[in-house]
Amino acid sequence: MIDGVIAGLASGTAYAILAVCIVVLHRLVGVVNFAQAALGAFGAYLCYALAGAGMPLAPAALAGIAAAAVIAGFVGWVTARWFGGPGTTERVVVSVVLLIVLLTAGFRLFGDSPRVMPSLLPDVVFTVAGVRIALTTVVALALAVVIAAGVSLMLRHTHLGIRMQAMSERPVTVQLLRVNARALSIGAWAGTGAVSTLALLLVAPARNQTFESMSFLVIPALAAALLGGFANIWVAAAGGLAIGAIEGAAARIEGLANYRGALPFLLIAIALIWMRRRKVWDDAR
Amino acid sequence: MKPHLTRSTRTRSTIQRSTFERGTAAIALAIASGVVLAGCASTSPDGASDGAGADATAPIVVGSVSSITGPAPFPEVPGAAQAVFDRVNAEGGINGRQIKLVSVDDGADPAQAAQAARRLVQEDGVVAMVGAASLVECSANAAFYEKHDVVSIAGIGVEPACFTAKNIAPVNNGTVPGYASLLYFASETLGRENVCPVILNSAGLTDPYLEVIKRWEEETGSKAPHVDTSVALGDDPTPAILAVRDAGCDAVVFNANEPAAVAFMNTAKLQGVLDSADWLTLTSAYSETAYDALKAQGTLGMYANSEFLPFMSDDPALDAWRATLTAADVPRTSLSIGGYVSAEILVEVLKSIDGEITNESVLAAFRALDEIENPLIGMPFTFGDATAHNPNRASRMVQATENGWQTVGDWVVVP
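As they're listed, the protein sequences go chains A and B.
Residue 9 is where the first sequence starts when you use this note's numbering, and the numbers rise one by one after that.
Residue 92 is where the second sequence starts when you use this note's numbering, and the numbers rise one by one after that.
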């Protein structure tokens, strides 16, 4: 079972980084981004398409990351320009539209035949509890921790971070204080788009997924973000890793294996009910 | 104000009345023409083909409903059938009559597939369906074909429903017999003793695999040390790989599609078990794109079954297929052989019919058919009175080697 847990962490790192991106974007611009994984998948697939056409891997990866950042930044500009009001519904719809557009465009551009997915890092493998783990997975895990730590520190201790959070809570007031909300929105979107691409570039070579299945990594990531109440970065990151670990462990237990896809969500539902038990009572009073 | 109001009201009511009258007239006309049409139909139940039968030079119309667009398009399958008919027509057709293929796209939508079949059978008067490859057509149209005595020789049966219908006979194996052929190849040809089946789950398809595994164990006396069903198609296959490693398997048969096969092999390599077992998967991995990816990640050696004579081999039996498709500018894929073979079988049956060629006479000719040999499939095509057809249960195995896909051994026939 331990080997199952370790094996599951490989998927878990992708969920964790995506979950952190989702939480950050929610805290800064008040949007639940359903297209977080699709943005990353688009950048990653663009990188592999360019690499397949003969471009060296490093510039191809940079081009993929830049493309995802530009697309995300554009969506950030659109949401700030036309959907910057206090209500979140419109912005969520924008992210769903983005998901649909990216899924369609990605399928048209990249199809579903397998691709050569070269690894950004050398092909080094470690053995932990009888399971072999690629160096990319370890780096992705480290990246998840670094991003979670970096973002938490920035939001709490820097002037920029506090402004950004204020914008999410009271966008109109912040604009009255002459903070450039549009630039902040573009920056937050572009940053999370770039990080998602980097995460998927690290995880993809071990999985060789299609564009579509990569885009739907957002579902466990959203579940992890939900666990953190779309606010707590550390809980979201840990949740992502936990979902991966539970999926991996359940696959190795007779009788649970067939339900492993649903199991993490069941546990999250239970966790949410338990975590929110006071809040419901407080609201009811 | 008042007179104005009255006038406008009157005008509107006039318009309404005239619309109503026109509508009534239209309905009356429709009913009248319907009666006339019904009259026609009752005097000649099969108008179009009847007319064609009377004229000895009119083309023989056949149809195809395929997914030419959609999530998994197969345009080359009906395309290959068309290429065969072009060749036959150039050689003089069927006793001087040309064959006309009406190929319709269902866009992977069951409603469109059903509509297309009704149009082909009831309006175009097709005498048979041929060269189909669709994600939805068999389940949408099986009952309709049976009711209207139309036979469909499908190029590629994709759904399970293609292999359980009375009037549909695909010329490919289908995934479950294909999977069985891999099991027999692993135990009987490669001589492996610990063959482990891995079933990557997708809705409703696990049980047929478990049944063929049971039958294979009974027939060959093999005993699978581990049958893995823990991973869904598209998920991370690591748990399944760890399980087959722990079970000491020396051959692993898995039911991946093209991208999943590449991912599965990558994980096997990562977990260091690549060299301790043979890896065998379904025919969709037998492609150039999969080969390039397998080679790039260093996981050559994988086997796949080919449901036809392997299209990348230099077997001279492929020459005619290659020439015909090249002349018609149709992509030469493994699936295209399905469209090609189905059209050749239909041509042979059409040539054998003495009297009038109608949908009934074509169906009767297939029912009376003994068998048709074709070098591109591993067993003779049969039809007969069966209520379900899976005439081709033979696969040729190919292996990804340094020199590309190489054919291994002889045809493996699933009993």
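A portion of the hints provided could be inaccurate.
Stated by the list, open to error - Calculated lysine to aspartate or glutamate pairs in the EDC-like style (CA-CA distance at most 20 Å, straight line):
#	chain 1	residue 1	chain 2	residue 2
1	B	Lys386	B	Asp406
2	B	Lys442	B	Glu182
3	B	Lys386	A	Glu220
4	B	Lys238	B	Asp461
5	B	Lys257	B	Asp476
6	B	Lys386	A	Asp131
7	B	Lys360	A	Asp131
8	B	Lys257	B	Glu493
9	B	Lys442	B	Glu214
What the hints assert, rightly or not - Stretch by stretch, here's where chain A covers chain B in the computed footprint (C-beta under 8 Å, at least three residues):
#	stretch
10	278–288
11	317–323
12	350–358
13	377–383
As the list claims (entries may be wrong) - Cβ pair distances, simulated, as ranges:
#	chain 1	residue 1	chain 2	residue 2	range
14	A	Val104	B	Asp337	36 to 44 Å
15	B	Gln206	A	Thr181	55 to 63 Å
16	B	Pro316	A	Trp85	29 to 37 Å
17	B	Pro201	A	Tyr267	28 to 36 Å
18	B	Gly363	A	Ala157	51 to 59 Å
19	A	Gly95	B	Lys305	36 to 44 Å
20	B	Gly363	A	Arg116	53 to 61 Å
21	B	Trp502	A	Met63	38 to 46 Å
22	A	Gly158	B	Pro162	50 to 58 Å
Hints in this document: simulated from the structure, not taken from any laboratory.
The beta carbon of each residue, even a glycine, is placed where N, CA and C say it ideally should be.
Review point. Are the Cα atoms of Lys257/B and Glu493/B separated by 20 Å or less?
Key: violated, 44 Å
Exercise for review: Check the following: the C-beta atoms of Pro201/B and Tyr267/A are separated by a distance inside 28 to 36 Å.
Suggested key: Check passed, 30 Å falls within 28 to 36 Å.
Practice item. Can you let me know if the beta-carbon spacing of Gly158/A and Pro162/B is within 50 to 58 Å? Key: violated, 40 Å
Exercise for review: Take the C-alpha atoms of Lys257/B and Asp476/B, compute the straight-line distance between them, and say whether it is at most 20 Å.
Suggested key: With a Cα-Cα distance of about 8 Å, the restraint between Lys257/B and Asp476/B holds, given a limit of 20 Å.
Check your understanding: Taking a Cβ-Cβ distance under 8 Å as contact, does the stretch 317–323 of chain B have three or more residues in contact with chain A?
Key -> Satisfied; 4 residues make the cut.
Check your understanding: Does the hinted range 55 to 63 Å hold for Gln206/B and Thr181/A at CB?
Key -> holds, 57 Å
Review point. Against chain A, does the stretch 278–288 of chain B show at least 3 residues with beta-carbon separation below 8 Å?
Key: Since three or more residues must qualify, the claim that chain A covers the stretch 278–288 of chain B is violated, with 0 doing so at under 8 Å.
Review point. How does the Cβ-Cβ distance of Pro316/B and Trp85/A compare with 29 to 37 Å: does it lie in that range?
Key: violated, 58 Å
Point to revise | Satisfaction of the hinted span 51 to 59 Å by the C-beta atoms belonging to Gly363/B and Ala157/A | key: Roughly 33 Å apart at Cβ, these two residues miss the hinted range, so it is violated.
Check your understanding: Given the proposed pairing of Lys386/B with Glu220/A, does the C-alpha separation stay at or below 20 Å?
Key -> Given that 20 Å is the threshold and the Cα spacing comes to 23 Å, the pair is violated.
Review point. Is it true that the CA of Lys386/B sits at most 20 Å from the CA of Asp406/B?
Key: violated, 24 Å
Practice item. With a cut-off of 20 Å on the C-alpha distance, tell me whether Lys442/B and Glu182/B pass. Key: holds, 13 Å
In the structure shown, a violation is registered for the earlier hints numbered 1, 3, 4, 8, 9, 10, 16, 18, 19, 20 and 22, in ascending order.
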